[in-house]
Amino acid sequence: MNEISDWTLIGKSVPRREDAYLLRGQGKYLDDLPVPQNTMHLGFVCSPYAHAKIAGVDASRAKALPGVIDVLTGADFSDDILPFAPDIQIDGYRRVERLVIAVDKVRFVGEYVAVILADSPYIAQDAIELVDVDYDPLPAVSGIEEALKGDAPVLFDSLGDNMVFESHFETEGFEEQFDSADLVLEEEFRLGRVTGLPIEPRGCLAVIDEVADTYTLWTPTQIPHQVRTAIADHLQMPESSVRVVTPVVGGGFGTKCHVFPDELVAVALVRRYRRAVKWVQDRREQLLSDPHAREHLHRIKVAVNRDGVIQAIKLNLMTNSGAYANYPFSCTLEATGAARMLPGPYRIRNYKYDVVSALTNTCPTGAYRGTGQPSCFLAMEGMMDRIGRTLDIDPADVRRRNVVNPDQFPYVNVVGVRYDTGSYLQSLDRVVELSGYDEFRARQPRDRLIDGKYRGIGICNYTEVSGTGAPGWRVRGFAKMPGFDSARVVVEPDGRASVFLSQADAGQGHLTAFAQVAADRLGLEYADVRVFEGDTAKTPFGTGTFASRGSVVGGGSIIRCCDKLIAKIKRIAGVILQADPADLVLGGGCVHRAGAPGNSLTMEQVAETAYSMNNIPLPEGEDHGLEATDYYDPPMVTLANGTHIAQVAVDPDDGRIEIENYTLVHDCGRVINPMIVKGQIHGGTVQGIGEALMEEIVYDSDGQHLNANLLDYVIPLAMDIPDMRIDHIETPSIDTVGGIKGTGECGVTGAVPAIANAVCDALAGIGVNIRSVPLRPSFILEQIENARREAAG
Numbered sequence: 001m002n003e004i005s006d007w008t009l010i011g012k013s014v015p016r017r018e019d020a021y022l023l024r025g026q027g028k029y030l031d032d033l034p035v036p037q038n039t040m041h042l043g044f045v046c047s048p049y050a051h052a053k054i055a056g057v058d059a060s061r062a063k064a065l066p067g068v069i070d071v072l073t074g075a076d077f078s079d080d081i082l083p084f085a086p087d088i089q090i091d092g093y094r095r096v097e098r099l100v101i102a103v104d105k106v107r108f109v110g111e112y113v114a115v116i117l118a119d120s121p122y123i124a125q126d127a128i129e130l131v132d133v134d135y136d137p138l139p140a141v142s143g144i145e146e147a148l149k150g151d152a153p154v155l156f157d158s159l160g161d162n163m164v165f166e167s168h169f170e171t172e173g174f175e176e177q178f179d180s181a182d183l184v185l186e187e188e189f190r191l192g193r194v195t196g197l198p199i200e201p202r203g204c205l206a207v208i209d210e211v212a213d214t215y216t217l218w219t220p221t222q223i224p225h226q227v228r229t230a231i232a233d234h235l236q237m238p239e240s241s242v243r244v245v246t247p248v249v250g251g252g253f254g255t256k257c258h259v260f261p262d263e264l265v266a267v268a269l270v271r272r273y274r275r276a277v278k279w280v281q282d283r284r285e286q287l288l289s290d291p292h293a294r295e296h297l298h299r300i301k302v303a304v305n306r307d308g309v310i311q312a313i314k315l316n317l318m319t320n321s322g323a324y325a326n327y328p329f330s331c332t333l334e335a336t337g338a339a340r341m342l343p344g345p346y347r348i349r350n351y352k353y354d355v356v357s358a359l360t361n362t363c364p365t366g367a368y369r370g371t372g373q374p375s376c377f378l379a380m381e382g383m384m385d386r387i388g389r390t391l392d393i394d395p396a397d398v399r400r401r402n403v404v405n406p407d408q409f410p411y412v413n414v415v416g417v418r419y420d421t422g423s424y425l426q427s428l429d430r431v432v433e434l435s436g437y438d439e440f441r442a443r444q445p446r447d448r449l450i451d452g453k454y455r456g457i458g459i460c461n462y463t464e465v466s467g468t469g470a471p472g473w474r475v476r477g478f479a480k481m482p483g484f485d486s487a488r489v490v491v492e493p494d495g496r497a498s499v500f501l502s503q504a505d506a507g508q509g510h511l512t513a514f515a516q517v518a519a520d521r522l523g524l525e526y527a528d529v530r531v532f533e534g535d536t537a538k539t540p541f542g543t544g545t546f547a548s549r550g551s552v553v554g555g556g557s558i559i560r561c562c563d564k565l566i567a568k569i570k571r572i573a574g575v576i577l578q579a580d581p582a583d584l585v586l587g588g589g590c591v592h593r594a595g596a597p598g599n600s601l602t603m604e605q606v607a608e609t610a611y612s613m614n615n616i617p618l619p620e621g622e623d624h625g626l627e628a629t630d631y632y633d634p635p636m637v638t639l640a641n642g643t644h645i646a647q648v649a650v651d652p653d654d655g656r657i658e659i660e661n662y663t664l665v666h667d668c669g670r671v672i673n674p675m676i677v678k679g680q681i682h683g684g685t686v687q688g689i690g691e692a693l694m695e696e697i698v699y700d701s702d703g704q705h706l707n708a709n710l711l712d713y714v715i716p717l718a719m720d721i722p723d724m725r726i727d728h729i730e731t732p733s734i735d736t737v738g739g740i741k742g743t744g745e746c747g748v749t750g751a752v753p754a755i756a757n758a759v760c761d762a763l764a765g766i767g768v769n770i771r772s773v774p775l776r777p778s779f780i781l782e783q784i785e786n787a788r789r790e791a792a793g
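Each residue of the sequence shown is one higher than the one before, starting from 1 at the first, in the numbering used here.
Hints were generated in silico from the structure; no laboratory data involved. Watch out, some of these pointers could steer you wrong.
Stated by the list, open to error - DSS-like cross-link-like pairs, simulated, lysine-lysine; straight-line CA separation at most 25 Å:
#1 Lys564 x Lys538
#2 Lys314 x Lys301
#3 Lys63 x Lys105
#4 Lys301 x Lys149
#5 Lys53 x Lys63
To be verified - Distance ranges between label pairs, derived from CB positions:
#6 Ala55 x Glu175: 30 to 40 Å
#7 Arg24 x Asp653: 40 to 50 Å
#8 Gly27 x Gly625: 32 to 42 Å
#9 Ser13 x Glu175: 50 to 60 Å
#10 Pro406 x Tyr29: 43 to 53 Å
#11 Arg24 x Ser240: 29 to 39 Å
#12 Ser13 x Arg299: 25 to 35 Å
#13 Asp161 x Asp233: 23 to 33 Å
All C-beta atoms, glycine included, are put in the ideal place defined by N, C-alpha and C.
With the hints as constraints, model all of the structure from the sequences given.
Now the structure itself:
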């Protein structure tokens with residue numbers, strides 16, 4: 001592997017290739033793709049009930065509508081598509097299956113009951129209103145605690161109750177260590193239900209090649225190879241007969257790294273009717289049935305000594321799985337993630353957790369940016385502040401007393417996660433300095449009231465799971481999650497390079513960043529490298545782009561490929577230059593002896609020999625061509641880290657919260673492209689601000705979704721976003737190829753706890769103790785009023 005000093009493009013803010021055509025409106029998203037003339041358009045009839053038996057479906061009125069081709073119910077797919085369930089192999093998990101179209105029973109508002117095939121999307125939408133479904137409503141349950149009660153309505157009779165997953169962990173001698181601490185602090189933290197809401201809703205276009213008898217599915221997915229495998233498995237067809245292609249993707253944020261019933265239905269319909277089918281989701285459908293996330297309840301007890309050092313932690317975590325297990329992750333993704341990562345950057349040696357996930361009559365939960373980390377750090381960082389207030393120690397100092405120190409790496413945490421490198425103390429100290437934290441504390445009055453507003457400051461010191469390989473997925477029960485990614489790098493006959501990668505870009509800038517990696521490694525000009533991905537017919541198999549793994553695993557596989565290729569390039573060039581391959585170096589598009597650039601070959605000259613396009617013979621035993629394929633399956637995980645500090649003002653008259661200052665420091669190891677990293681951090685932090693202050697999907701007690709529109713589900717606008725000061729520390733990983741760590745989820749992970757802690761700090765002077773998000777104005781006013789009432793006696 002090259003030393004740090006050898007990189008010339010890595011670490012440079014190369015402008016994104018993607019921006020030029022996207023900003024000009026030239027990107028081809030799913031709905032921009034040309035379709036065959038006889039394409040059928042799909043519409044899905046969705047259940048208006050959270051829990052009901054299906055007594056019958058009468059589609060006669062819909063079928064009579066001109067332009068309607070057919071109306072199908074769940075029974076029509078029983079022989080075509082196997083029941084849908086992720087392959088989870090972990091103690092405590094109870095398998096539940098989902099039909100792509102419900103047959104006898106619906107379990108959440110938005111579940112598919114029938115599918116319309118029509119000549120246009122508009123006719124399909126009109127026909128949806130004409131399908132008469134006879135429902136027999138059943139009692140519903142939407143809350144976690146209610147679902148786990150003995151008398152709760154049961155979603156699956158085969159289970160007998162609504163517990164779908166439980167997990168337990170306890171270190172040896174825990175109770176003794178817990179009981180021996182000086183004091184025990186206890187809190188309850190709640191994180192509301194949210195969704196990723198990418199700007200482009202989902203959809204799919206499925207077409208058939210009658211000659212080859214193959215099927216192509218265009219879908220804006222983050223996991224094209226896993227979608228192909230799921231289609232082949234559930235439709236019982238050869239994997240080689242299915243091709244999955246991702247067009248330009250308008251954001252994913254984890255919500256598009258699932259496999260969806262509509263994707264399976266689309267391919268099944270193409271196989272049945274031998275005609276193309278297309279479906280594009282509307283915004284209401286997106287909010288009703290795309291994966292939701294969070295809705296966690298942490299009950300946490302921290303045993304701490306008088307010096308502020310934590311002795312032991314006891315966690316009871318409850319999560320809402322929704323009505324089914326989303327494919328391929330299920331509820332174990334967030335539940336195990338939140339529990340295992342709660343110790344974060346701290347030296348916690350005594351730990352006990354009990355985790356339970358409940359089935360409810362709500363949309364299934366799944367992956368969304370952060371996957372359990374915003375909730376576990378809401379609890380952990382909230383307790384750090386609570387320790388500080390209780391013991392009269394500054395919250396920053398509490399963190400310093402507990403953090404993993406630089407001389408303790410590599411460090412294995414209490415649940416067995418290896419922290420190879422990190423800058424936990426350095427990032428905290430840096431952000432304290434940059435934000436003016438100490439100066440703010442010095443001028444902050446005891447009652448926090450300045451100019452009619454309560455002002456406070458909050459910290460979040462976090463770790464970010466990234467680059468998860470197969471061992472990391474197996475620990476969490478994902479039996480069919482590959483973990484690795486693959487690359488094929490080809491030096492073409494003209495000396496330029498093509499990179500074929502198993503991942504799929506959803507806005508991360510892969511075409512730019514991965515071209516930088518390959519060009520740097522091969523000694524080529526950046527302009528001479530092209531990256532291709534998101535097409536299972538052209539790229540090698542791999543896991544996909546999610547969970548802050550793109551740069552770590554994709555970049556690692558490219559580096560490994562290039563290293564294979566470099567060895568061959570040097571062998572060929574060595575014969576021509578009559579030099580020892582070990583003495584040759586690559587740079588500037590040429591191969592030459594180290595220290596003697598005048599005696600060189602261009603990459604094109606080497607390629608011509610490799611492809612037998614000149615009279616120079618290949619070295620004896622050397623194969624033709626100039627390409628390599630390699631795979632990278634990293635260790636369990638590598639952890640990025642960072643610290644956020646938010647300074648807020650709370651208006652006691654209207655409950656509004658203004659973020660007056662926002663500073664963060666992040667360490668993602670080797671930075672490929674600082675500008676892209678900054679964009680990732682900025683975007684994630686915006687989503688964290690939304691999650692902290694305004695976003696929440698609300699269900700009533702009957703399982704009715706109360707805000708499935710963008711009037712009521714509020715997301716941040718430009719005026720809600722403060723200026724951010726973003727700084728970087730680079731601590732390269734010693735476990736990953738290239739020293740790269742991930743950065744996709746740090747923004748949301750750090751923002752939610754930092755803002756919550758800042759608001760709690762602002763209102764601490766009047767006795768408000770806030771331990772749940774979102775912090776909407778009405779909620780803040782209620783808390784202030786309650787505190788004033790208690791103070792008045």
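Given a hint of 50 to 60 Å, does the C-beta separation of Ser13 and Glu175 actually sit inside it? holds, 53 Å
Is it true that the C-beta distance of Pro406 to Tyr29 lies inside 43 to 53 Å, as the hint says? holds, 46 Å
32 to 42 Å as the expected CB spacing between Gly625 and Gly27, which holds or is violated: holds, 33 Å
Please test the hint of 25 to 35 Å on the beta carbon pair from Ser13 and Arg299. Between Ser13 and Arg299, where Cβ atoms are some 45 Å apart, the hint is violated.
Compare the distance between the alpha carbons of Lys301 and Lys149 with 25 Å, and conclude whether the hinted pair is satisfied. holds, 23 Å
Starting from the hint 30 to 40 Å, judge whether the C-beta atoms of Ala55 and Glu175 obey it. Given a distance of about 53 Å, which is not inside 30 to 40 Å, the answer is violated.
State, for the Cβ atoms of Arg24 and Ser240, whether the hinted interval 29 to 39 Å holds or is violated. holds, 37 Å
Asp161 versus Asp233 beta-carbon gap, inside 23 to 33 Å or not: holds, 29 Å
Given the hint that Lys63 pairs with Lys105, does the C-alpha gap stay at or below 25 Å? Roughly 23 Å between the alpha carbons, so the hint for Lys63 and Lys105 holds.
Given pair status - Lys538, Lys564, alpha carbons within 25 Å: holds, 20 Å
Starting from the range 40 to 50 Å, see whether the pair Arg24 and Asp653 falls in it by beta-carbon distance. holds, 46 Å
Does Lys301 sit within 25 Å of Lys314, going by the straight-line distance between their CA atoms? This hinted pair holds, its Cα atoms lying about 5 Å apart.
Checked against the numbered hints listed earlier, the structure breaks hints 6 and 12; every other hint is satisfied.
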